[in-house]
Amino acid sequence: MLRLWLILAGIALGGLGLAQQRITIDFWHSMGGVLGEATEALVKDFNAAQNRVTVRSQFVGSYDDGLNKLRAALQAGGQGRPNVIQVYDIGARFMADSGAVLPLEDLARANNFDLSQFVPQPRNYYTVDGKLYGLAFNSSNPILYFNAQALEQAGIPYRNTWSLADLEAAARKLTIKDAAGKTTRYGLSIPIDSWFMEQFSYNSGQYFCNNENGRKARATEVTFNNPAAVAFLDTWARLVREGVAANTGRNWADSQSLFAQGQAAIAVYSTASLTGVLRQVGNRFPVRTAFYPYLRERNGTAIGGAAVYLIRGFSDEQNAASWEFIRFLLRPETQAKWIIGTGYFPVVKGVTELPSVRQAYVRQPNYTTAVRQLETSKVNTASAGCLMGGFTEIRQIVQSAIEEALRGKPAQQALDEAKQRADQVLARYNASVRQ
Amino acid sequence: MSSLPRWLARPLFYLLLGVYAWLLVLPLLSLLSASFRTEADLFTPGLLPPQPTLEAYREALAKHPILRYLLNSLVVSLAITLGVLLTSATLGYALARVRFAGQSLLFGFVVGLLLIPDEVTFLPRYLLVQELGWINSYWALIVPFLASPLGIFLMRQFIKSLPQDLFDAARIDGAGHLRTLWYVALPLAAPALGALGALSFLGAWNMYLWPLVVINQNEMKTAQIAIAQVQSVEVSSWNVVAAAAMLVLLPTLLAFLLAQRAFIRGIALGGLKG
Amino acid sequence: MINAKNSERNLQKSIPVRQAGRLGEGLEVALLLLPALLLLLVFTVWPTLNAFWLSFHRENLLGTERDWVGLSNYAEMLRDPAFWRAVGATFLFAAIVVPVQLVLGLLAALMVARPFPGVALFRTLFFLTTAVPTAVAAVAWGWYLHPIGGTLNRWLEAVGLPAQPWLTSPELALPTLAIVTAWAGVGFTAILLTAGLQQIPEDLYEAARMDGAGAWTQFWRITLPMLSPTLFLVALLTVLTSLTAFGQIHLLTRGGPMESTTVWIYRIYQDAFFNFRFSYAAAQSVALFLVLLLLAALQFRGLGRRVHYE
Chain A
1 MLRLWLILAG IALGGLGLAQ QRITIDFWHS MGGVLGEATE ALVKDFNAAQ NRVTVRSQFV
61 GSYDDGLNKL RAALQAGGQG RPNVIQVYDI GARFMADSGA VLPLEDLARA NNFDLSQFVP
121 QPRNYYTVDG KLYGLAFNSS NPILYFNAQA LEQAGIPYRN TWSLADLEAA ARKLTIKDAA
181 GKTTRYGLSI PIDSWFMEQF SYNSGQYFCN NENGRKARAT EVTFNNPAAV AFLDTWARLV
241 REGVAANTGR NWADSQSLFA QGQAAIAVYS TASLTGVLRQ VGNRFPVRTA FYPYLRERNG
301 TAIGGAAVYL IRGFSDEQNA ASWEFIRFLL RPETQAKWII GTGYFPVVKG VTELPSVRQA
361 YVRQPNYTTA VRQLETSKVN TASAGCLMGG FTEIRQIVQS AIEEALRGKP AQQALDEAKQ
421 RADQVLARYN ASVRQ
Chain B
1 MSSLPRWLAR PLFYLLLGVY AWLLVLPLLS LLSASFRTEA DLFTPGLLPP QPTLEAYREA
61 LAKHPILRYL LNSLVVSLAI TLGVLLTSAT LGYALARVRF AGQSLLFGFV VGLLLIPDEV
121 TFLPRYLLVQ ELGWINSYWA LIVPFLASPL GIFLMRQFIK SLPQDLFDAA RIDGAGHLRT
181 LWYVALPLAA PALGALGALS FLGAWNMYLW PLVVINQNEM KTAQIAIAQV QSVEVSSWNV
241 VAAAAMLVLL PTLLAFLLAQ RAFIRGIALG GLKG
Chain C
1 MINAKNSERN LQKSIPVRQA GRLGEGLEVA LLLLPALLLL LVFTVWPTLN AFWLSFHREN
61 LLGTERDWVG LSNYAEMLRD PAFWRAVGAT FLFAAIVVPV QLVLGLLAAL MVARPFPGVA
121 LFRTLFFLTT AVPTAVAAVA WGWYLHPIGG TLNRWLEAVG LPAQPWLTSP ELALPTLAIV
181 TAWAGVGFTA ILLTAGLQQI PEDLYEAARM DGAGAWTQFW RITLPMLSPT LFLVALLTVL
241 TSLTAFGQIH LLTRGGPMES TTVWIYRIYQ DAFFNFRFSY AAAQSVALFL VLLLLAALQF
301 RGLGRRVHYE
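Protein chains in written order, with UniProt numbering: chain A, 1 to 435; chain B, 1 to 274; chain C, 1 to 310.
Heads up, a few of these hints could be off.
The calculated DSS-like cross-link candidates involving lysine-lysine, where the alpha carbons are at most 25 Å apart (straight line), are [to be verified]:
1) A:Lys44 x B:Lys160
2) A:Lys349 x A:Lys131
3) A:Lys44 x A:Lys337
4) A:Lys419 x A:Lys216
5) B:Lys63 x A:Lys337
6) A:Lys349 x A:Lys378
Hints were generated in silico from the structure; no laboratory data involved.
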């Protein structure tokens with residue numbers, strides 16, 4: 001009897017406690033537009049689904065804005081820092097080195113969460129020095145986009161796997177020039193972005209930085225002058241100079257407009273671009289997507305996108321609340337809603353078997369390309385992606401090298417020279433970590 | 001050239017004026033045109049939109065808190081303008097009309113500050129604002145700019161140029177400095193204040209680098225940096241970007257058309273610095 | 001300038017005198033001086049000094065600790081090819097902006113300085129870009145120069161010229177940005193030069209006309225010499241603003257392609273907020289500060305002279 005009373009009292013008190021102290025945690029993200037709406041919807045769902053934790057989400061602008069804001073908070077003694085923050089893929093090394101992150105793996109183990117539920121690539125990507133730091137929140141891959149109508153007219157059969165040589169041949173066939181030799185439809189359009197060089201290296205089984213992409217030990221040198229990257233850049237530059245590939249600069253949007261106007265038959269973007277591209281193309285022509293190209297043998301792409309991290313320095317209670325939010329994000333139903341709304345792909349297993357996801361994939365089969373690409377990728381240190389510091393700056397250097405090559409500098413030379421600069425950046429970063 | 005007959009010179013002159021004005025406003029006209037297009041019509045040739053629609057404006061306003069951005073800009077620009085007018089009038093008056101030890105030294109100091117460009121001190125100022133906990137607040141956008149060496153300098157010069165006997169008379173009547181400033185100097189300085197106000201407002205409204213670094217919270221962004229935000233979210237929906245840009249342009253354009261005199265005077269007066 | 005004599009008496013009468021409530025003179029002076037002074041000390045003087053202090057340090061990854069490193073940031077800066085490229089780009093940029101803006105501004109001012117039927121309309125149009133915020137100007141030009149649908153390329157193609165990669169070619173991007181900048185500033189220049197032209201006494205022209213001087217001679221013999229002090233100031237002002245142009249670069253090219261539009265101030269911004277090298281950025285801003293100081297000192301000498309005229 002006494003026991004019962006105690007239990008009842010406990011429930012009453014507990015209920016009181018809950019009513020009084022719903023824990024609030026701050027979540028900073030960089031998802032604007034449609035993606036932002038989808039993110040806010042997840043937060044709303046979470047807040048409505050339970051009564052212990054309130055997530056206060058805030059859109060902080062670009063990923064770089066978010067990092068700057070985090071740094072500002074940490075420099076001010078941690079005041080105003082968020083519990084959870086979304087940081088882009090290439091910030092993984094920085095986040096681990098900062099010492100400001102509570103590794104996700106620690107929390108997962110403490111809460112008996114089975115880490116093998118994760119899809120391996122996203123897990124590998126955010127594993128630093130043997131420990132999983134962040135939760136891959138929005139993961140994407142590069143894929144090929146085809147103007148299916150142009151493909152058909154040129155008599156090129158659709159395939160989902162393309163070597164670089166095959167892609168080049170197709171691009172040549174798809175190029176249309178007028179009597180004056182001016183290109184009226186390009187065969188290929190690739191925005192100038194280091195990411196495509198990185199991914200081509202991985203997909204050809206090569207590393208972008210040493211020590212096996214910085215996965216065996218801290219990366220000390222870049223290796224973006226590897227044979228695959230050189231071949232890719234060489235082909236790309238040759239096609240641009242011959243008027244087969246368009247050069248629309250660094251702005252993805254300009255390349256997308258070209259593709260959507262039917263003025264480029266093949267394009268290379270992210271899986272996350274799919275919704276936007278389909279909307280922009282409208283019903284001008286059917287769009288088909290395929291796996292990212294490779295040099296000799298297809299290895300597998302690494303993931304891009306961003307992860308969410310838990311920031312240190314909060315009470316256990318707060319951290320538990322953050323974990324609850326993470327746990328919610330990992331639920332298959334949440335993942336299903338997220339990927340259908342955004343075009344990103346799931347990071348836990350079993351999501352693609354859910355009815356809602358299968359229906360969505362039947363409606364728009366192009367969405368399956370990313371998932372299938374991931375499923376058929378080899379899992380190794382190459383496809384884990386390069387882990388290094390100073391990546392933001394190094395990407396700028398690679399992009400300059402691409403621009404130089406497109407203008408006629410031999411690809412090998414451009415990348416060799418860029419490596420010199422990038423190695424300095426990396427050395428400086430590594431020195432600042434040991435400080 | 002001087003031998004051109006008048007009947008020919010006149011039309012030629014207007015033709016030249018027209019061509020120049022046309023080339024000058026053309027980029028704005030193509031932006032305006034884009035803002036009235038659908039995304040599908042974006043690349044249809046011609047300056048006139050094939051099927052003019054307000055859809056882009058609706059979308060811009062629905063998806064982005066443009067009015068909030070404009071409100072932020074308005075609050076910040078007004079507060080800075082008022083602050084600059086106040087601090088310029090007070091210190092300018094003191095430097096022109098009050099005798100105190102070290103006055104010429106202080107004036108030299110203000111003149112020296114005229115030489116320091118804002119763009120160069122923004123890094124340490126950022127650290128300072130961060131330490132004050134002002135990141136993502138109006139404080140960060142307003143307080144550092146409340147006193148302007150240029151404004152102080154201009155007001156000092158202006159008040160100094162007013163006849164001395166006015167001030168003597170006020171003194172004899174027993175008015176203190178604050179009263180003299182308020183009732184004698186400021187009414188006479190109204191045109192100068194108006195010009196300085198217009199200049200400060202324009203300068204504050206156009207700030208770009210500073211808000212970019214101290215604000216990374218969407219609802220605190222000023223209209224200027226919000227455009228970068230809209231552009232990065234809308235990616236290739238140029239019609240929506242154009243509509244957002246037109247909405248940001250509208251207030252300054254109206255202010256300029258309505259208060260052209262004050263703006264022109266402000267620029268002619270203060271344009272001597274920036 | 002102002003009809004002071006007339007208003008003198010009215011003003012005196014209108015001052016309400018409340019001897020009892022008067023503040024002490026010392027307090028009054030303090031109220032006049034302190035707010036502005038404090039603001040200037042805290043937000044202008046202190047950051048300026050701090051820029052120097054920061055530039056002698058190096059920070060850790062998160063910027064939570066700083067070590068004294070003496071002049072090593074400066075030594076690195078002088079050896080850094082990226083820094084020198086940025087300096088080169090900055091001056092090349094200014095070298096295009098300044099003449100273009102001055103010539104176009106002068107042309108506009110010459111056309112609208114004297115009244116003629118419709119002058120108000122054309123003044124408004126010519127001064128209009130003053131009211132266009134940098135960000136809007138950048139978006140407008142971004143669209144105007146768009147590689148696919150841009151009006152300019154469309155027209156070039158219509159007259160049989162090839163479309164140009166205005167913002168995506170390393171040769172063209174910086175000059176293109178300079179034109180955008182000059183466009184945005186030309187209204188400003190036109191206003192200043194119009195004011196300058198209007199100060200030239202009309203009788204000088206009349207005398208010249210009586211001597212039989214044509215429009216061309218008048219321009220070279222009277223307008224240009226008389227306008228030269230204003231022109232000099234406007235030129236310096238344009239140099240200063242073009243050396244710190246930022247918004248249009250941030251919106252249109254982000255420093256690319258091939259870093260061709262990474263100017264000095266953009267480099268500083270990037271090093272501080274993307275590469276997290278605050279102290280190194282501070283060293284670069286101190287160097288920029290010294291260059292601008294030199295130019296501003298020149299401008300100030302001109303300003304002093306000009307103020308004496310008024």
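* Quick check: which numbered hints come out false for this structure? -> 1
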